[in-house]
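S.K.: Chain residues, written in single-letter form:
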Amino acid sequence: MNGISPQQVQIRTTDPRAGYRAARRREALRAFILAVPLLVFLLATFIYPIGKLFLMSVQSGEVVNAIPGTATLLADWPGPPDLPSPQVFDRLAADLQKAQQDGTLAAAARRLNNYEPGFRTLMLKTVRQLPSTSGLPYSEELPRIDKRWGDAETWRLLKRAATRYTPDFLLTAMDREVAPDQSIVPVEKTQAVYVDAFLRTFSISGAVTLICLILGYPVAFLLATLPARKSNLLLIFVIVPFWTSLLVRTTAWYVLLQPNGVVNSLLIASGLTTEPAALMFNRLGVLIGMTHVLLPFMILANYAVMRGIPPVYQRAAVSLGAHPAVAFLRVYVPQTMPGIGTGMFLVFVLSLGYYITPALLGGAGDEMISQLVALQMERQLNWGLAGALSVYLVIFTLAVYAVFNRLVGIDRLRLG
Amino acid sequence: MLASVSKPFVTFSSIDKTYDGETFVTRNLNFAIEEGEFLSLLGPSGSGKTTTLMMLAGFEAPSSGSILLGESRLNEAPPHRRNIGMVFQNYALFPNMTVAQNIAFPLSVRHVPKAEQKGLVERALAMIELSHLADRRPAQLSGGQQQRVALARALVFEPKLVLMDEPLGALDKNLRETMQYEIKRLHEKLGVTMVYVTHDQSEALTMSDRVAVFHHGRIQQIAPPRDLYEDPENAFVANFIGENNGLAGQVAACDRAYATLALTSGISIRGRAGAGIATGKSAVLALRPENIAFDADAPDHANRLAGTIDEVIYCGDHWRLHLTVAGHNGFIIKVPNRTAMVLPELGRTATISWGQDDCKIVVADGS
Chain A
1 MNGISPQQVQ
11 IRTTDPRAGY
21 RAARRREALR
31 AFILAVPLLV
41 FLLATFIYPI
51 GKLFLMSVQS
61 GEVVNAIPGT
71 ATLLADWPGP
81 PDLPSPQVFD
91 RLAADLQKAQ
101 QDGTLAAAAR
111 RLNNYEPGFR
121 TLMLKTVRQL
131 PSTSGLPYSE
141 ELPRIDKRWG
151 DAETWRLLKR
161 AATRYTPDFL
171 LTAMDREVAP
181 DQSIVPVEKT
191 QAVYVDAFLR
201 TFSISGAVTL
211 ICLILGYPVA
221 FLLATLPARK
231 SNLLLIFVIV
241 PFWTSLLVRT
251 TAWYVLLQPN
261 GVVNSLLIAS
271 GLTTEPAALM
281 FNRLGVLIGM
291 THVLLPFMIL
301 ANYAVMRGIP
311 PVYQRAAVSL
321 GAHPAVAFLR
331 VYVPQTMPGI
341 GTGMFLVFVL
351 SLGYYITPAL
361 LGGAGDEMIS
371 QLVALQMERQ
381 LNWGLAGALS
391 VYLVIFTLAV
401 YAVFNRLVGI
411 DRLRLG
Chain B
1 MLASVSKPFV
11 TFSSIDKTYD
21 GETFVTRNLN
31 FAIEEGEFLS
41 LLGPSGSGKT
51 TTLMMLAGFE
61 APSSGSILLG
71 ESRLNEAPPH
81 RRNIGMVFQN
91 YALFPNMTVA
101 QNIAFPLSVR
111 HVPKAEQKGL
121 VERALAMIEL
131 SHLADRRPAQ
141 LSGGQQQRVA
151 LARALVFEPK
161 LVLMDEPLGA
171 LDKNLRETMQ
181 YEIKRLHEKL
191 GVTMVYVTHD
201 QSEALTMSDR
211 VAVFHHGRIQ
221 QIAPPRDLYE
231 DPENAFVANF
241 IGENNGLAGQ
251 VAACDRAYAT
261 LALTSGISIR
271 GRAGAGIATG
281 KSAVLALRPE
291 NIAFDADAPD
301 HANRLAGTID
311 EVIYCGDHWR
321 LHLTVAGHNG
331 FIIKVPNRTA
341 MVLPELGRTA
351 TISWGQDDCK
361 IVVADGS
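Protein sequences, first through last, are from chains A and B.
In this text, residue positions in the first sequence follow this note's numbering: the first is 1, and each later residue adds one.
In this text, residue positions in the second sequence follow this note's numbering: the first is 1, and each later residue adds one.
No lab work stands behind these hints: they were computed from the structure.
In this text, all values refer to a predicted model and were calculated from it rather than measured experimentally.
Among these hints, one or two may not hold up.
[What the hints assert, rightly or not] Simulated restraints, written as ranges between beta carbons of each label pair:
| id | chain 1 | residue 1 | chain 2 | residue 2 | range |
| --- | --- | --- | --- | --- | --- |
| 1 | A | 323 | B | 16 | 27 to 37 Å |
| 2 | A | 403 | B | 135 | 20 to 30 Å |
| 3 | B | 71 | A | 226 | 49 to 59 Å |
| 4 | B | 252 | A | 229 | 49 to 59 Å |
| 5 | B | 16 | A | 262 | 52 to 62 Å |
| 6 | B | 160 | A | 266 | 56 to 66 Å |
| 7 | B | 119 | A | 353 | 48 to 58 Å |
| 8 | B | 137 | A | 41 | 39 to 49 Å |
| 9 | A | 262 | B | 135 | 56 to 66 Å |
| 10 | A | 308 | B | 135 | 18 to 28 Å |
| 11 | A | 403 | B | 126 | 36 to 46 Å |
| 12 | A | 21 | B | 243 | 53 to 63 Å |
Cβ atoms here follow ideal geometry from the backbone N, Cα and C, with glycine treated the same way.
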């Protein structure tokens with residue numbers, strides 16, 4: 001027809017892929033729209049709080065907010081051995097009184113106490129005594145109120161605290177601090193708790209993972225090789241605890257493992273022991289409780305993989321001359337590696353963040369890192385340190401994930 | 001092909017297999033496998049052929065009777081000590097190993113030195129013409145390639161006996177025929193004894209030196225393919241192998257070589273007498289559709305019947321006719337397609353005939 005120019009015809013025929021791309025875009029948009037509610041939910045309840053906590057691990061606004069003028073002046077102070085200029089003393093005196101009126105002093109004092117126990121008292125004492133000054137310049141008045149103001153170290157800590165962003169939480173979480181000479185040094189032995197806590201968390205998680213593997217692998221094998229009716233029945237025994245609340249199960253162990261609990265009664269009645277055995281408030285209790293809670297993950301992960309391995313491989317290996325045990329180790333076990341990997345990964349990663357079970361069944365020496373995070377948030381109100389500990393926990397978890405992904409492949413992770 | 005003076009290599013004697021003491025999966029099996037022969041176990045599913053193979057492999061234990069390998073009793077030997085190569089239906093290549101590692105597996109569990117293993121594996125790979133795929137994983141191979149690897153793995157440790165459990169069942173038709181030829185070639189080249197389970201009769205006929213036909217846990221007949229097809233011993237074999245016009249009747253007369261079968265309608269047929277045929281017994285006709293002359297003037301044919309054409313199917317090289325003969329429908333004739341022939345028409349009455357040597361009177365089932 002005359003109405004269609006050659007150019008229009010050209011447009012229709014040049015790129016057949018354009019239509020395909022448009023269809024793909026429409027599909028992608030549709031998928032996105034379907035996922036929007038979940039994305040919003042995740043953003044609000046998961047990603048935002050985590051991001052906020054991470055930010056807290058480097059934020060330290062309390063002191064700057066309370067004494068902004070002093071903070072600015074201290075930024076220009078080179079630090080010890082000299083004291084800051086008298087101007088800084090004046091500014092601090094004014095800032096402190098203002099902060100008390102504004103109500104920002106308490107938070108700042110608490111934050112300073114993280115650096116040096118007693119700093120909070122120093123601040124409050126200073127503010128209390130400032131109105132009754134003797135008329136001396138503040139560079140003499142403050143050291144008179146408390147001689148610590150005459151020590152350059154006090155001012156150094158104040159300067160460190162009076163910055164909006166600080167690496168100190170992240171350092172503390174690794175039992176490190178900045179020394180007067182600006183170098184990063186380990187904290188005193190008596191204050192070093194977090195590295196040990198991380199190591200303890202790893203060793204408990206590792207032990208739980210191994211126990212789960214040793215106990216769970218044979219059960220998964222049994223489930224995968226029994227006739228369907230029997231294995232379904234047995235599977236219920238695995239799954240029902242899996243559905244039961246973690247707290248309920250932990251509390252049940254609390255009852256069972258008590259010095260005068262069921263297990264000890266049985267042990268004494270059977271004559272195996274005369275005294276109640278210490279089964280809880282120690283590492284044993286933590287391992288028993290956590291293994292029980294996490295065992296279904298190991299069993300189900302292995303069962304899912306084993307169920308897909310036909311018995312013909314074992315037969316083939318035996319027919320080719322392998323002793324059944326050799327056939328099992330060389331042919332069957334390698335095929336279950338994805339299950340072993342998945343189970344170990346799940347149990348280990350879940351163990352890393354465990355809180356309730358070690359808190360209820362553990363003793364003084366069994367705190368895991370998430371208990372310390374909770375402690376910092378609930379008791380010490382040191383959200384910065386809690387954030388810093390969480391950052392490390394996330395980093396270590398991601399590292400485990402990376403190793404798992406490298407060895408097994410996350411796409412092979414499946415349950416049931 | 002089968003040497004007449006070969007000695008028994010494997011002997012099954014009075015083998016019963018039952019799981020509950022009442023129903024028998026196999027019943028009173030007695031047969032011998034000759035050294036170097038290709039024996040197929042053929043039968044419908046549930047006939048006991050796979051169980052027989054598994055008893056030979058050692059994965060099932062006979063309930064009674066004994067299996068001999070040469071002179072020695074094999075019953076109690078665990079499967080991994082039997083030194084029998086085996087190929088499974090779905091190949092059972094180990095997915096965690098490469099092709100070369102799979103083939104090396106039987107050598108490495110026998111502690112063959114590494115250097116020797118390498119040479120043997122290379123030779124096995126060359127034999128199946130897959131040397132270039134040595135480092136692939138089984139999942140990366142096609143069905144036919146996997147089958148060949150499974151074959152190489154079962155042969156590499158040079159077993160005297162190789163068992164195959166429907167090894168070509170998962171392949172499509174063309175590939176299956178290629179592989180049949182390949183297995184046959186390897187058998188002839190290596191001189192190894194092969195026992196081959198299949199439910200595909202044409203596969204059994206084309207590949208085997210002898211075929212054992214299984215039904216209800218018993219061997220109905222064990223014979224070379226040609227004897228099986230042309231000289232079936234009973235009605236089951238006649239009907240199971242190829243197509244048969246199995247008209248049933250009573251034996252009216254019987255001399256040494258020939259018998260007369262009276263069909264129920266009063267028509268009688270003369271044919272070769274099978275084993276166990278005696279006057280008065282009920283028997284079945286074994287008559288192949290291609291041995292019947294259609295509308296032919298063949299005065300030497302002892303049997304001459306009239307039939308009505310019910311169905312005509314054109315098959316290219318032949319016509320396939322379904323007739324009603326002696327009151328029974330489903331009588332099959334295969335007529336070679338010639339340019340000059342009179343076309344069979346539906347509903348017409350035709351004369352069909354065959355000689356007394358073209359058919360056989362055999363005992364009915366369950367004798």
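S.K.: Each of the hints needs a verdict: does it hold here or not?
M.R.: Against the structure, the hints:
For the pair residue 323 of chain A and residue 16 of chain B, the beta carbons lie near 29 Å from each other, so the given range of 27 to 37 Å is met. Between residue 403 of chain A and residue 135 of chain B the CB atoms are about 26 Å apart, so this pair conforms to the stated range of 20 to 30 Å. At about 41 Å, the CB distance of residue 71 of chain B to residue 226 of chain A disagrees with the hint of 49 to 59 Å. Taken as a hint, the range 49 to 59 Å holds for the pair residue 252 of chain B and residue 229 of chain A, whose Cβ atoms sit roughly 57 Å apart.
Distance hint check for residue 16 of chain B and residue 262 of chain A: the Cβ-Cβ separation is about 54 Å, which falls inside the suggested range of 52 to 62 Å. Here the CB-CB span from residue 160 of chain B to residue 266 of chain A is close to 59 Å, well matched to the stated 56 to 66 Å. One distance hint, 48 to 58 Å for the beta-carbon pair residue 119 of chain B and residue 353 of chain A, holds here, with the actual separation near 54 Å. The given range of 39 to 49 Å is respected by residue 137 of chain B and residue 41 of chain A, whose C-beta atoms sit roughly 41 Å from each other.
A C-beta distance of roughly 58 Å is found between residue 262 of chain A and residue 135 of chain B, which places it inside the suggested range of 56 to 66 Å. The supplied range of 18 to 28 Å is met by residue 308 of chain A and residue 135 of chain B, whose beta-carbon atoms lie about 25 Å from each other. With their beta carbons about 41 Å apart, residue 403 of chain A and residue 126 of chain B fall inside the hinted range of 36 to 46 Å. The given range of 53 to 63 Å is respected by residue 21 of chain A and residue 243 of chain B, whose C-beta atoms sit roughly 58 Å from each other.
Against the hints set out earlier in the document, a violation occurs for number 3 only.
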